Amino acid sequence: MMPVMQSPRSLEKPTMHYCPGCSHGIAHRVVAEVIDELGLEGNTIGVSSVGCSYNNYLYFTFDMQQAAHGRAPAVATGIKRVHPERTVFTYQGDGDLAAIGTAEIIHAAARGEKITTIFINNTTYGMTSGQMAPTTLAGQVTTTSPAGRNTSTQGYPIRMSEVLAQLEGAVFIERVSMHDVNHIIQAKRAIKKAFRVQMAGLGFSMVEVLSTCPTNWGLTPIKAVGWLEKNMMEYYKLGNLKGKDLEV
Amino acid sequence: MLRAVIYSERCKGCGLCIAACPKKIIAINKSEFNQMGYNPSMLTDPGKCIACGRCVIACPDTAIEIKEAGDA
Amino acid sequence: MPEKVLMKGNEVIAEAAIRAGCRHYFGYPITPQSEIANYLAWRMPAVGGVFLQAESEIAAINMVYGASGAGARVLTTSSSPGISLKQEGISYIAGAEIPAVIVNVMRCGPGLGGIMPAQSDYFQAVKGGGHGDYRNIALAPYNAQELYELTVKAFDLADKYRMTVMIMADGALGQMMETVEFRDEEKPFEADKSWATTGTGMKRKKNYITSIYIDPEELEKLNNRLQAKYRTIEENEVMYEERDCEGAEIVVCAFGLAARIVRNVMDMAAAEGIKVGLLRPVTLWPFPVKAISDIAEKTDVLLSVELNAGQMVEDVRLAVNGRKPVHFYGRTGGILPTQNEILEEIKRILGRGNK
Chain C
306 MMPVMQSPRS LEKPTMHYCP GCSHGIAHRV VAEVIDELGL EGNTIGVSSV
356 GCSYNNYLYF TFDMQQAAHG RAPAVATGIK RVHPERTVFT YQGDGDLAAI
406 GTAEIIHAAA RGEKITTIFI NNTTYGMTSG QMAPTTLAGQ VTTTSPAGRN
456 TSTQGYPIRM SEVLAQLEGA VFIERVSMHD VNHIIQAKRA IKKAFRVQMA
506 GLGFSMVEVL STCPTNWGLT PIKAVGWLEK NMMEYYKLGN LKGKDLEV
Chain Y
75 MLRAVIYSER CKGCGLCIAA CPKKIIAINK SEFNQMGYNP SMLTDPGKCI
125 ACGRCVIACP DTAIEIKEAG DA
Chain B
8 MPEKVLMKGN EVIAEAAIRA GCRHYFGYPI TPQSEIANYL AWRMPAVGGV
58 FLQAESEIAA INMVYGASGA GARVLTTSSS PGISLKQEGI SYIAGAEIPA
108 VIVNVMRCGP GLGGIMPAQS DYFQAVKGGG HGDYRNIALA PYNAQELYEL
158 TVKAFDLADK YRMTVMIMAD GALGQMMETV EFRDEEKPFE ADKSWATTGT
208 GMKRKKNYIT SIYIDPEELE KLNNRLQAKY RTIEENEVMY EERDCEGAEI
258 VVCAFGLAAR IVRNVMDMAA AEGIKVGLLR PVTLWPFPVK AISDIAEKTD
308 VLLSVELNAG QMVEDVRLAV NGRKPVHFYG RTGGILPTQN EILEEIKRIL
358 GRGNK
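Chains as they are written, first to last, in my numbering: chain C, 306 to 553; chain Y, 75 to 146; chain B, 8 to 362.
In short, the hints are calculated from the structure, not lab data. Fair warning: there could be bad hints in the mix.
Think about it this way: if two alpha-carbon atoms lie no more than 30 Å apart in a straight line, the pair counts; the simulated DSS-like pairs of lysine-lysine are [to be verified]:
| # | chain 1 | residue 1 | chain 2 | residue 2 |
| --- | --- | --- | --- | --- |
| 1 | Y | Lys122 | C | Lys528 |
| 2 | C | Lys535 | Y | Lys97 |
| 3 | B | Lys11 | B | Lys167 |
| 4 | C | Lys528 | Y | Lys98 |
| 5 | C | Lys497 | Y | Lys104 |
| 6 | B | Lys167 | C | Lys318 |
| 7 | Y | Lys104 | C | Lys318 |
| 8 | Y | Lys98 | Y | Lys122 |
| 9 | B | Lys331 | C | Lys497 |
| 10 | C | Lys318 | Y | Lys98 |
| 11 | C | Lys318 | B | Lys134 |
| 12 | C | Lys528 | Y | Lys97 |
| 13 | B | Lys210 | C | Lys497 |
| 14 | B | Lys212 | B | Lys11 |
| 15 | B | Lys11 | B | Lys134 |
The model shown is predicted, which means the values in this text are computed figures rather than measured ones.
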């Protein structure tokens, strides 16, 4: 008998390379579930970025392109302008989207590029061993802020969803979290809506996903979700920032 | 009967399913290592599983399915 | 009937791209190539294409990556400092083995330099520019007709070999008006693009475009494949013009605008009884190594004339391989050498004093 709940069709079967408890795996599954449920598997072209998820084109069953660090929104723009009828999304981390790729994401959003961005915010550069990210919290210890992020010399974390929500071309922006089951269910709802906004041709849509990096945070997966809830959700308030009332 | 089935070869033993289980019937199996070298999760009392699927949602590794018991 | 028109060089490039079937342009304004973008801003929509002014050259080249990876014929254009910014994307395009046509209407450097014509990006185009072992096919037009012919050819070569093709024009060629004769229609090379990310349509296995290979064996395999492809190109795609080299006392190597100046110098020299030959590389890479090597057997001395401090001369020397002296003459800063300057240099080399 067919399982009632199982791995989505759009997700390849091999085990992913992520560390135990890493939110990437959940985010990948949720994106794949949404693509399945919207019937988009044959119609989607995804864009991987640089960071731990650099090779997630291996994990999805649809077409993908791997982009240089920060450039995924530009690459996605090129794809979408060739295939406006296809669903195009980027999957980017905080270093990728909020540091090296700030110009690309802001201008893709400002152009109202009809793409969807899944923005994984785990406050650190996971792949390069836990350096300070643009989203690292004040006081947070990382390998390049060993005494904790000092805001007087290292500046303040950027709230990218709030920044992008200012732009006319960004029509749907929501911040969600992957730290527990109820929030994962809400996150999936937001991601589904973001894709629907694109399908309706309304403009740029993004879902910021608060995520854990247990390895680089130096915490167990269980303690990491607790840390996210206690610290990240305080600074990065969950909820819809734009497009809440869009009927799609 | 529907219940959670854990594919221990896919499991990295992160324990997020343990936190997600409302019936408190998932635990790390400390007496077993899988091919990847992790202690996988296991159902301590499969009969009590209500097939709610919360462990499936919490799992980062698609290592759990809800299916008819005995299919595994 | 072929259409003969008077057009600015930059607009010739733009029109040629349209005629070659390019329907996607991504670029960022920079002097002295901005007329390409200005032209395509109205021309692309008129033929149902996409013109997009990007937020930077970096974004533009990555849009090219995306669009080309999605199967389209794509163009980006810029000038020297902008081409430097594109090097990241060019290296990725090389690694991902996708086609792209990149026009460099060269100005003088280094740094912000100046906006006057130069050929000082030869090294950048021919020796690398971005990281890794890769090549660009580099085409050097020298008049409006060649801007057209070589732009059309660039798209064919890019599709055929799935790599970057750079058109190395210069600020003067881009800015000057000349007549150009357009063919009624082009017959673009029909490339198999079954590798492109177009959406599977549930009809085939997924395609993905990537330049990362964590496994060293796989990465070496890619590099070996690229090198084999480059050898094929060196065998088959060399283009050059050879003029009056038989019996020449000196053969001048020059490309693009420098070659045009040398053409006039040849006439001046002939009037003084000096026989000067010209070897004009049209492909800067693959470089006409054999043609220059053969010339080295027949002539006593060579001179490379360039709008830079001496770049192509290194390749001329490699081709000559020490058999004959190879001299260099060039001007930098956007200054064009005059015909007289070059003639004087030729006479100095040949030991002919002023009359």
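Going down the list of hints, with the structure as the test:
{"no.": "1", "hint": "Y/Lys122 with C/Lys528", "verdict": "holds, 27 Å"}
{"no.": "2", "hint": "C/Lys535 with Y/Lys97", "verdict": "holds, 25 Å"}
{"no.": "3", "hint": "B/Lys11 with B/Lys167", "verdict": "holds, 29 Å"}
{"no.": "4", "hint": "C/Lys528 with Y/Lys98", "verdict": "holds, 18 Å"}
{"no.": "5", "hint": "C/Lys497 with Y/Lys104", "verdict": "violated, 38 Å"}
{"no.": "6", "hint": "B/Lys167 with C/Lys318", "verdict": "violated, 35 Å"}
{"no.": "7", "hint": "Y/Lys104 with C/Lys318", "verdict": "holds, 26 Å"}
{"no.": "8", "hint": "Y/Lys98 with Y/Lys122", "verdict": "holds, 9 Å"}
{"no.": "9", "hint": "B/Lys331 with C/Lys497", "verdict": "violated, 71 Å"}
{"no.": "10", "hint": "C/Lys318 with Y/Lys98", "verdict": "holds, 28 Å"}
{"no.": "11", "hint": "C/Lys318 with B/Lys134", "verdict": "violated, 43 Å"}
{"no.": "12", "hint": "C/Lys528 with Y/Lys97", "verdict": "holds, 21 Å"}
{"no.": "13", "hint": "B/Lys210 with C/Lys497", "verdict": "holds, 24 Å"}
{"no.": "14", "hint": "B/Lys212 with B/Lys11", "verdict": "violated, 48 Å"}
{"no.": "15", "hint": "B/Lys11 with B/Lys134", "verdict": "violated, 37 Å"}
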